[in-house]
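Undergrad: Here is how the chains run, residue by residue.
Protein chains: 2
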Amino acid sequence: MDDEEARTRLLDAAEELFYRHGIQAVGMDRIRTASGVPLKRLYRLYPAKESLVTAYLERRDRRWTTSLRESVAASAQPPVLAVFDWLARWFSEPDFRGCAFLNAYGELGAAAPEVVRVHKAELRSLLAEWAPAAAPPALADQLLVLVEGATAVAALSPGPEPARRAREVAEILLAK
Amino acid sequence: MDDEEARTRLLDAAEELFYRHGIQAVGMDRIRTASGVPLKRLYRLYPAKESLVTAYLERRDRRWTTSLRESVAASAQPPVLAVFDWLARWFSEPDFRGCAFLNAYGELGAAAPEVVRVHKAELRSLLAEWAPAAAPPALADQLLVLVEGATAVAALSPGPEPARRAREVAEILLAK
DNA sequence: AGGAGCGGAGAACGATCGTTCCCGCAGTCG
DNA sequence: CGACTGCGGGAACGATCGTTCTCCGCTCCT
Chain A
2 MDDEEARTRL LDAAEELFYR HGIQAVGMDR IRTASGVPLK RLYRLYPAKE SLVTAYLERR
62 DRRWTTSLRE SVAASAQPPV LAVFDWLARW FSEPDFRGCA FLNAYGELGA AAPEVVRVHK
122 AELRSLLAEW APAAAPPALA DQLLVLVEGA TAVAALSPGP EPARRAREVA EILLAK
Chain B
2 MDDEEARTRL LDAAEELFYR HGIQAVGMDR IRTASGVPLK RLYRLYPAKE SLVTAYLERR
62 DRRWTTSLRE SVAASAQPPV LAVFDWLARW FSEPDFRGCA FLNAYGELGA AAPEVVRVHK
122 AELRSLLAEW APAAAPPALA DQLLVLVEGA TAVAALSPGP EPARRAREVA EILLAK
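Protein chains in written order, with the numbering used here: chain A, 2 to 177; chain B, 2 to 177.
It should be emphasised that the hints constitute simulated quantities derived from the structure, not laboratory data. Note that the Cβ used here is the ideal one computed from N, Cα and C, for glycine as well.
A few chain A residues that don't get close to chain B, going by computed Cβ distances all over 12 Å:
id	residue
1	E5
2	A7
3	R10
4	D13
5	D30
6	L46
7	S52
8	W65
9	T66
Label pairs and their calculated CB-CB ranges:
id	chain 1	residue 1	chain 2	residue 2	range
10	A	A136	B	L82	16 to 24 Å
11	A	R21	B	E115	17 to 25 Å
12	B	A26	A	A75	40 to 48 Å
13	A	R64	B	R31	32 to 40 Å
14	A	L82	B	A129	22 to 30 Å
A few chain B residues that face chain A, going by a derived Cβ cut-off under 10 Å, partial list only:
id	residue
15	G23
16	G107
17	G110
18	V117
19	R118
20	T152
21	L157
22	R166
23	L174
Kindly produce the complete structure, drawing on both the sequences and the hints.
TA: Take a look at the structure:
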């Protein structure tokens with residue numbers, strides 16, 4: 002097992018555990034057990050828990066954004082509506098537990114890593130990019146409210162319904 | 002200082018600290034220092050941290066719901082729109098940091114107290130009550146998405162704007 | 001073959017957590 | 001006046017945290 006595979010196993014374990022149980026509730030020893038990577042190597046690759054947390058969120062941000070981008074690009078729907086179809090699938094995943102970035106911010110507050118804010122800014126900029134060119138500039142922010150709202154509602158009652166409700170509203174906004 | 006005042010001081014300190022820093026990041030000793038209530042009394046009134054957390058969330062739920070109800074009742078606006086005006090004021094409070102219940106759920110996951118789920122069910126039922134009688138039944142869920150979305154967006158970029166964007170969307174839904 | 005160095009397993013360390021215990025004082029009743 | 005009760009202040013306890021250290025076996029180079 003080289004360093005790159007160790008990094009992958011560590012981030013896999015960190016993502017699974019941090020996302021499911023929260024960050025502070027998961028100790029480094031549990032990540033070591035779940036990943037099979039010895040502590041010494043763990044601390045060589047990520048010198049402190051904080052850097053592992055940041056790496057976990059950064060990888061999740063890259064994957065999340067990429068998956069959304071690709072799904073929207075591949076969809077026959079208008080881009081903005083394709084977002085909500087993608088959300089419906091995400092919310093139906095068995096281990097869905099809300100937005101990892103919002104959860105991290107709620108737990109860590111001002112101590113949350115910068116990537117949390119970056120992630121939300123990226124999302125807003127994607128929505129602005131996908132909004133029809135003729136739309137009023139406030140549309141992106143309205144869509145952002147719908148996306149965040151569907152995610153927050155789904156966090157406590159999982160399933161595709163919140164995404165469908167948000168999509169209905171988005172259709173009305175687009176038709177206006 | 003009798004037990005009732007001690008309870009108030011404990012819940013005040015717990016609310017301030019838990020909401021600002023997260024639950025796991027705040028130790029019982031910090032609550033003792035902030036409240037001035039000795040540890041012994043603290044543990045007589047709340048036999049474990051978990052019960053203090055639950056009491057904090059339950060009081061916050063009562064106050065939040067009551068404030069929203071009263072503000073909506075006193076408003077000249079249609080009830081549903083008055084909700085967003087109230088949100089705009091809430092988001093502008095200097096220590097606003099998102100929904101305490103969603104934050105607790107994100108941090109504690111399945112270990113979160115029941116009041117988290119109760120709070121969200123109450124909110125949905127209030128919106129259903131305030132929606133026009135002639136509206137389609139899905140409206141309450143759409144409004145819930147808007148309220149949660151505005152709150153989530155405001156958590157990371159505070160101020161009244163998310164509530165205004167959500168209100169614009171709600172007006173369109175009502176006019177339809 | 002032999003020694004030098006790296007990496008794995010897990011013990012150990014100091015800090016901090018939630019919780020309990022001890023002690024000393026203040027007030028009360030006989 | 002003196003014994004008892006109850007409470008506050010804070011030390012203490014066991015567990016667990018993030019992090020470091022020790023030990024040992026393996027590998028690799030000459």
